[in-house]
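Now for the letters of each chain:
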Amino acid sequence: MKSSIFSIRNVVLGLVLAALALPTAAETWTRYQGQPRGSKLKLEGTSTLHDWSVEGKLIAGFMELESNFPLDPAAKPPADAKLNAKVEVKIPVTSLLSGTQLMDEVMYEAMKQKQYKDIQYRLKQISVKTDAPAGALQFNAVGEFSIAGMLRTNSMVVTIERVDATRLKVKGDTAFKMSDYGIKVRAPLALPLKVGDDVKVAFEWLAAQKAEAAKPAEK
Amino acid sequence: MKNPQRLPDLSRRTFLKGSSFSTLMSMLGGVPLVAQEKSADPAAANVGKPIGRPVNCGLIGLGPWGREILATLSKIPEAHIVAICDTYAPMLRRGQQTAPKATATDDYKAVLQNKEVEAVFIATPTHQHREITLAALKAGKHVYCEAPLAHTIDDARAIALAAKASFKSVFQSGLQARSHPQRHFLLQFIRSGAMGKPVMARAQWHRKQSWRFTSPNPEREKEVNWRLSRKTSPGLIGEVGIHQLDAATWFLDQRPQAVTGFGSLIKWTEDNRDVPDTIQAVLEYPQGVQLTYDSTLANSFESDYEVYYGTDSAIMVRDNKAWMFKEVDAPLLGWEVYARKDSFYKETGIALVANASKLEAQGEGGAEDTAAATNALSFALEAFLGNAGKVATAVKDFKENFGEDDEALKEHLADLRKGRLPAAGYQEGFDSVVIALKANEAILEKKRIVFQQEWFDLG
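Taken in sequence, the protein lines are chains A and B. According to the numbering used here, the first sequence is numbered sequentially starting from 1. According to the numbering used here, the second sequence is numbered sequentially starting from 1.
Take the hints with a grain of salt, since some may be wrong.
[What the hints assert, rightly or not] Computed from the model, here is a short list of chain B residues facing chain A with C-beta under 7 Å:
#1 Leu92
#2 Gln96
#3 Ala392
#4 Ala394
#5 Asn401
#6 Phe402
#7 Asp405
#8 Asp406
#9 Ala408
#10 Arg420
[What the hints assert, rightly or not] Subject to a maximum C-alpha distance of 16 Å in a straight line, what follows is the list of computed EDC-like cross-link-like pairs (lysine to aspartate or glutamate):
#11 Lys57(A) - Asp405(B)
#12 Lys57(A) - Glu407(B)
#13 Lys117(A) - Glu407(B)
#14 Lys40(A) - Asp415(B)
No lab work stands behind these hints: they were computed from the structure. Glycine included, C-beta positions come from ideal geometry on N, C-alpha and C.
My request is simple: use the sequences and hints to build the entire structure.
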């Protein structure tokens, strides 16, 4: 009898541990928060007068990566690895600076800053980029940009670098057309100036791990 | 003694190469075009102007200049005047006529405690600036403080240091010419070497007036005529000349090395004032360039103007309009052939107006119709409001996203300020006080004073 009691106890204990372990494995996520320093963003375009660019250093938001998310460049992840990540990014429009206030105001007006104060990005899907150079952690990211109140799907390649034990840097570049987001630039001083539709975007986003592991934010 | 706030150097070639459209673009925010300002399209009136968010304003001091600020603010859509203040009830009532919806008070502290007020304009007597400005900055307000910042260098330093430390607040000194587009156009012109090598400069401010305000009783007499006592007055050169001295220092891109002054009380001798009504000062700049300044309350001939003399031409500035008088051996710049010309006795002045040749061709009138004729105060207040609105929005956006991180916010605001609308900040305001007050000291004591570098140092 004694042995059967032990046996039942072990089974019960095993079941309890298994019950605890299953959700834990599924919900072990690490949250990285956008930092006020160490990020940069550059938008470049053209006009009939000269090329233009604006720059910013504030990229807010967070990313949450499941525990098995590949962050070790030495261990190349399988191409079909199922990656779970949640990323939401906010860039205050007023943090984008051209170098002159008048041009800034023109840009903010074109981006409807008073109604839509942030550029937003939300990741929908991420997968391993199979033809990435050796030693680089590159991913195909599909997400949605919200600019000037318009939502559009975007695909881009991003590189994730581990800066140190708690910080990651996400680098990438993409492009969009102003017309896709309904952006119309009114030339300053009523100049006969036309701004090109294509905009190139390059960014580096520094995010740091929070002190405690967190569950994914509620949708 | 180099001015640390200088703009990048321009070569003559760069200036000439960019003398039309590309120059305009390179100076966005600086150069007006008359043809556009006079467009028949009403919507075009706002084109090119900042569209920053409204700023809630409080005005402290409603004397003649304070009411001028109030009247100018009332015409700027971004300025929401929510509070006005003066210790003298009749002045407060006059202010209320311009700003009837504003809360009126005789206590400046009530303005500073008003959470609705984001920005304050301080136009009290100069010797009261320190107390009010320090309190306003401590209260987290954006501050526009009239020039001069103070009647003593110690007070001005305290103000400048407080402004420097208050990185979330925009601080602007009331040297309004620093915001005027026409002045920025001239700055590019002079710095490019288009007038040749600087030779000398002169400036004057002449009026036939007592500088005395009427008052109903002895107490008010003392309050309102603070300019007539050496204890509280920085003198003609400190109250008025400071603007022209600052302009010369800015244009010549050098701080003066020494100043010699003379002052006399000639006309207004019967009211016990001890401030001279007629002054002269010679300011010595590097490379042998000297600025001669004179001011009087006893004769109004030729009113006020500045002249900058170079080896190729002289440039005269009057009411923020300017003309170039070329030497016969000066090289041809090209555009001046088509520019508007005005006669001054036996001389012919070439109008220095942005896009002047186009104006002439379009029959738009030229210098008299340009933004040069627009009140410099208006440009200064617009710049302050634009900068204050932008900084306030940036601070709010930053805190919403990153919380309290003052060091990172400071870096962000430093980036943002690189593209600010042109205006005199705390350093320019402080420098101008040091120069003007030392000049006043030289005038009162009829002596030569050598400027020391450390007098300008704010740490």
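Asp406(B) as chain A interface residue, shortest Cβ-Cβ below 7 Å: Status violated, d = 10 Å.
Can you confirm whether the C-alpha distance between Lys117(A) and Glu407(B) stays at or below 16 Å? 23 Å, violated
For Lys40(A) and Asp415(B), compute the direct alpha-carbon distance and say whether it is at most 16 Å. 12 Å, holds
Under the criterion that the straight-line Cα-Cα distance not exceed 16 Å, is the pair Lys57(A), Glu407(B) satisfied? Satisfied, since the Cα-Cα distance of roughly 14 Å is no more than 16 Å.
Is the interface hint for Arg420(B) satisfied, with its Cβ closer than 7 Å to some Cβ of chain A? Status holds, d = 6 Å.
For the hint on Ala408(B), does the least C-beta distance to chain A fall short of 7 Å? 4 Å, holds
Take the shortest C-beta to C-beta distance between Gln96(B) and chain A; is it under 7 Å? For Gln96(B), the interface hint is violated, since the closest Cβ of chain A sits about 31 Å away, which is over 7 Å.
Go through the hint on Leu92(B) and say holds or violated, using the shortest Cβ distance to chain A against 7 Å. With a closest approach of 34 Å, the Leu92(B) hint is violated.
Restraint check, 7 Å cut-off on beta carbons, for Phe402(B) near chain A: Constraint on Phe402(B) satisfied, holds at 4 Å.
Interface hint check: Asn401(B), Cβ to nearest Cβ on chain A, cutoff 7 Å. Holds or violated? 4 Å, holds
Agreement of Lys57(A) and Asp405(B) with the hint, judged by alpha carbon distance not exceeding 16 Å: Cα-Cα ~14 Å, so holds.
Hint check: is the beta carbon of Ala394(B) less than 7 Å from a beta carbon of chain A? Because about 5 Å separates Ala394(B) from the closest Cβ in chain A, which is inside the 7 Å limit, the hint holds.
Violated hints, in rising order: 1, 2, 3, 8, 13; the structure is consistent with all others.
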